[in-house]
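K.L.:
All chains should be built: construct the whole structure from the sequences, respecting the hints.
Single-letter residue listing:
Number of protein chains: 2
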Amino acid sequence: MSITIAIDAMGGDFGPEVTIPATLECLKANPELNVIMVGDESILKDMLAQALIKYKDRLIVQHASQQVEMDESPQKALRGKKDSSMRVAINLVRDGDADACVSAGNTGALMAIARFVLKMIPGIDRPAIISTLPSIFGHTHILDLGANVDCTAEHLYQFAIMGEQVVKAVEGIESPKIGLLNIGEEDMKGNEQVKSAAKLLETSSLNYIGYVEGNSINAGSVKVDLIVTDGFVGNVALKSIEGAAKMIGTKLKDAFSRNILTKLASIAAYPVLKMFKKSIDPRMYNGASFIGLRGLVIKSHGGADALAFETAIHLAEIEIEQDVTRKIIDKVAVTLESREDV
Amino acid sequence: MSITIAIDAMGGDFGPEVTIPATLECLKANPELNVIMVGDESILKDMLAQALIKYKDRLIVQHASQQVEMDESPQKALRGKKDSSMRVAINLVRDGDADACVSAGNTGALMAIARFVLKMIPGIDRPAIISTLPSIFGHTHILDLGANVDCTAEHLYQFAIMGEQVVKAVEGIESPKIGLLNIGEEDMKGNEQVKSAAKLLETSSLNYIGYVEGNSINAGSVKVDLIVTDGFVGNVALKSIEGAAKMIGTKLKDAFSRNILTKLASIAAYPVLKMFKKSIDPRMYNGASFIGLRGLVIKSHGGADALAFETAIHLAEIEIEQDVTRKIIDKVAVTLESREDV
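Chains A and B supply the protein sequences, listed in that same order.
Residues in the first sequence are numbered consecutively from 1, following our numbering.
Residues in the second sequence are numbered consecutively from 1, following our numbering.
Check the hints yourself; a few may be wrong.
Copies of the same chain are indistinguishable here, so a pair counts whether it falls within one copy or spans any two.
As the list claims (entries may be wrong) - Derived pair list, reagent style EDC-like, types lysine to aspartate or glutamate, alpha-carbon separation capped at 16 Å:
hint, residue 1, residue 2
1, K76, E186
2, K54, E25
3, K189, D71
4, K277, D254
5, K278, D254
6, K223, E185
7, K278, D305
8, K189, D150
9, K199, E185
Just so you know, these hints were derived from the structure itself, not from any lab.
P.N.:
Structure follows, in structure tokens:
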């Protein structure tokens, strides 16, 4: 199955220095992949000179004269940067010239432009950001990670419906276990938003397992495939985990760098520590999907290196192959219809 | 300075098996400490037989015929367990017979009973739960950790005022740096509650440094001493960090247990790994303070072992010695007066 991805080549902290090597790795690995590199033509054609010959039927450069800055306001980027690499890449998805767009650029701007250009899926009120984190059971998917600071129970319910399709597609799980993030597992716990969302989920056809707490993201007592929460809580949880991992990594490194004896121990432990580091490498979890839109947009971490950006492109490949957007549209249509019957 | 702590001897997953050895360690370490062990007299007098002789002027047993179960509803515990070890321990604080109460029991019940028995500090609308977590800079204090699922900006402002006094007392910092938990550091980010709270904090006399993100709890780009958030978000952040630490610990252990070579490496690395483990040992951070009440209540983790419960008792000792409750009352009075002048 031949697929085409539009890459916002200029996005992220490092721009083409990261997006180009990552793209070339993906082109090498997947012969079905076609790429449109979007950005400053003079820079890209120069950096891609050899690759444009090697992949002449599969790689093209699409010029875009502007670039969205990492700290630019979404509204400014939306109104003032109509020829940015980000905007042009998303336009390619809208026009059917690309099956997805991958960008490491400014999250707020990417969401604002994606929403404006691609429009919402009928029946969905708000887009959401979904990503994957490692857990002791494998992976946990979580949404929303920051698109929505205030959510109603209905929004959370819609997130669950959409998120289920993503997990099914990415993990190949028939009926993903869905938990609602709360501050306790008992029925009486939580705020009104969460309690009302629980009622909607309980009466749905989803495999809803009930409330889960923050520890369930990485290491709960039972496996949960998808955790639903609002964008404020989800974003704080995600970043709290990032901070915890960073602190633990720092303390582990400090412990091994303390003196000559600990440094000798680190040599003995090196292969193990390397394997351990790999098992929780955040680069292997890079890439968040914007869902609820009529087109696929994958956001890479802004600070991603080439390996991390590759992971984000792979996520786009999987979601295209699995036709996630179509599956979400179909599921939303069916779910809404069945709800109207009630 | 002679101090007295009432211990809910029956609370927690392990009851007297944990609370007694921890208490005895604390009595040994601090000659100024007096303890009232509250619970089933027949059990406690039996287990404490020798200690009651050894510490005859400093240790007494106060009988309580009931016990709050770990999964009991707060309302049921409040109404139906008037002679529980938890309730009797809190009564001792109200009556001035103890300077603080320490319990590893059911959090919801402890909060409900503490609030009912001790009453709120005038000027404070809601109690909050504050605790400490390790960070790459030392410690970060965070509140609220779950007492309030819905908070207004005014509540968050009150939490900051109270929390500042706790950090000053526990850390000995003159002017703690206070951050407001949000999903970005830019002014435009966040929900209305957070934006309004930021305005209150900006115009206050507190050392408010602005918005911080979840990663700032353990490893932000700058040191923050106190992070303010509502109880839903704070609880999710705390438990997400617990889950991340558990997962990373599991994966590290797995990496070293893989085969004979990795096991040999683990022997070489053992002293380092032990030191590392100690540096992030959650038992060293056990103990959360309930603040906003006219009396000091310290909550230990329910699953605490004796070492962890000791940490919670130590926290009570520090907060009593520093007269934290009095300092909060005074600060709230001054802050409210100065606000009325405006």
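K.L.:
Against the structure, test the hints numbered earlier, and report the numbers of the ones violated in rising order.
P.N.:
none
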